[in-house]
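Top to bottom, those sequences are chains L and B.
Taking our numbering, I'd label the letters of the first sequence as residues 1 to 188.
Taking our numbering, I'd label the letters of the second sequence as residues 1 to 241.
No wet-lab data here; the hints were simulated from the structure.
For each residue, glycine too, the CB sits at the ideal point set by N, CA and C.
Honestly, I wouldn't trust all of these hints.
[Stated by the list, open to error] A few chain B residues facing chain L, derived, Cβ under 7 Å: (1) 17; (2) 59; (3) 67; (4) 197.
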Amino acid sequence: METKTPLDEAALRQRLINGDEQALAEAYRRHSGVVLGLAQRITRNRTLAEDIAQEVFVRLWRNPSRFDPDRGTLRSYLLTQTHGRSVDLIRSESSRRIREDRDATLAPGTGISIEDEVVELRMGEHIRQALEELPQNERAAIEMAYFGGHSYRQVAALLGEAEGTVKSRIRMGMARLGATLSASGIAP
Amino acid sequence: MTHDEIRELLALHALHAVDDGEREEIEAHLDGCDDCRGEVDDHRSVASLIGAQSIEVDVPHSLWERVESELASTVTPIRRDRVSLLAAVGAAAAMLVLVVVQTTRLTDVRSELVAAEMQLTQVEQAIAAGDWTGAAAVATGVPDARTVTLTGDGRAIITLLPDGTGFVAESDLAALPTDRSYQLWIVQGGEVVSAGLLRRGATGSTFRFDPASLEGLVVTEEEAAGVVTSDGPAIAAWFET
Chain L
1 METKTPLDEA
11 ALRQRLINGD
21 EQALAEAYRR
31 HSGVVLGLAQ
41 RITRNRTLAE
51 DIAQEVFVRL
61 WRNPSRFDPD
71 RGTLRSYLLT
81 QTHGRSVDLI
91 RSESSRRIRE
101 DRDATLAPGT
111 GISIEDEVVE
121 LRMGEHIRQA
131 LEELPQNERA
141 AIEMAYFGGH
151 SYRQVAALLG
161 EAEGTVKSRI
171 RMGMARLGAT
181 LSASGIAP
Chain B
1 MTHDEIRELL
11 ALHALHAVDD
21 GEREEIEAHL
31 DGCDDCRGEV
41 DDHRSVASLI
51 GAQSIEVDVP
61 HSLWERVESE
71 LASTVTPIRR
81 DRVSLLAAVG
91 AAAAMLVLVV
101 VQTTRLTDVR
111 SELVAAEMQL
121 TQVEQAIAAG
131 DWTGAAAVAT
141 GVPDARTVTL
151 TGDGRAIITL
161 LPDGTGFVAE
171 SDLAALPTDR
181 SYQLWIVQGG
191 EVVSAGLLRR
201 GATGSTFRFD
211 PASLEGLVVT
221 EEEAAGVVTS
231 DGPAIAAWFE
241 T
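Isolated chain B (complex conformation):
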């Protein structure tokens, strides 16, 4: 469909009144068209006002208990928290500083500290700008940090920091419809455990792993909310050699 043809369907899309094929095409278009995305957001706001004002029911307490129990059993959510990532990078930089102190003469420490501080600043600036590739480039300067590439039908480049923080620096995974998500799995100690869902576009998703037992990383395509176990094929994978 052309841009104009898609624009004619935006109000219907906001009401979930288009067919699956049209929905996929519109979603793909919205990824690259700010004007249309803004228009859909406005239509959704109107639709939700209609829905919200016309119905509100008493909620049984058992429903919250069900939500709580689901939280307890759910996979660890991926948190795209800049603060925690910076803390992780900061911890890694602190390790760098420790190495510097142990292996250089006292007179060199000051300049090394300045260099480490500048490195951290560069990482912070790259993250703040959403430049995950740049953040990865700087972060891999940290001792024991490394970059791995998951390959298959799609490709994802992931930076692994020595404190057990990982983040997706680049990805060319195909766009998914809104009811589907990519899920990241960690292979460690002979087991496969979920690391959570990748954010839309994958790049910038963060996760935690155990550096001592990491054996591989796998991406699968799942329903939007994710799954506890998966029998789906790997979209992209990397294994320790």
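Chain L on its own, in the form it takes in the complex:
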């Protein structure tokens, strides 16, 4: 869980803006493990994940002002960048082969089960509980979109559901998660 205060991160951001490489090293020390982990989980490709992690931190160095501490934590910002880049890569035609290899190891019904991986990967109790409280169809739609890197239309096709149904499940599931985590004091 993010423990740094907004003030810490505002100061870190300012040091990055000033061109302080030690500030980047500090951001890297704090967040590289989870950045690489997320990229690896989505791409299922270690080499690609390291490329993405490298790109995310270089982007932070080049454009530190894009991180706005008033809009969220640095970890949230970096993971949003990581997730977006990972999704772009696995959806791109140039990565079709990677996606095929990846899908072969993540056959529908066997992969991306948050519950299966939660314990061994030390998910925080509150977040685990919030996920467990979600209706199963909402949780499945969210995990297929978030960890699977699928658009809601792709999720709908994979599940054989209407697009509008999947859209609603993701929207409602995210709203429930937000409310639960907010009540726990760990989300805005």
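Got chain L; can you put chain B on it based on the hints?
Chain B alone, transformed into the frame defined by chain L:
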């Protein structure tokens, strides 16, 4: 899409679960809708909590070495640092003061110093308020400062200060999707070198240039992280005549 239709997609957008066309439309909407932007930020925070808590791996030392090597070879980042900009403007104002001392009678120096100080204060106030047009208007009062206009599919007005600091005072460059950025290039001494990426909206981006060899400025559209060399068309350009 209407505001309400876009609101229905905000959670999905935060999960990168919308199509490219929808993403572009939503991003454009977010530029002008604080409520929706705040909602997306909240969804992203939730999404990152899920991602962050479920995975964290050991990072090989070689990865930091790769990041470091990239920093060494990267283009100079554009820094939107108010302090350094103020310092630059301050240096320019100091030049103004020097000119004043050399060309006026001693009895006039005090009033000129007061005027220069007021000018700097006005620049500081304009910058603090994010009024780059106002800052440009005051800064161009500094001797040898000038304003140039880059034209093409888009337009950008850039103020060039005599100490080699430039900043984008106005821009109407079209909004880009999140995976694209505008990159500024300096033509100097017969070479084209990157001045870095323009911030979103372009206005307020600062950069450094060599006043003695500046021949032109060019804006291109590139991938979000920028490129070392570009073969893309100029979106806007200005050349010394």
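* Asked: Close enough to count: is the Cβ of residue 17 of chain B nearer than 7 Å to one in chain L?
  -> 4 Å, holds
* **Per-residue hint verdict: residue 59 of chain B, partner chain L, C-beta under 7 Å** => 5 Å, holds
* Asked: Taking the least C-beta to C-beta distance, is residue 67 of chain B closer than 7 Å to chain L?
  -> Because about 5 Å separates residue 67 of chain B from the closest Cβ in chain L, which is inside the 7 Å limit, the hint holds.
* Asked: Per the CB criterion, is residue 197 of chain B less than 7 Å away from chain L?
  -> 6 Å, holds
Hint violations for this structure: none, all hints satisfied.
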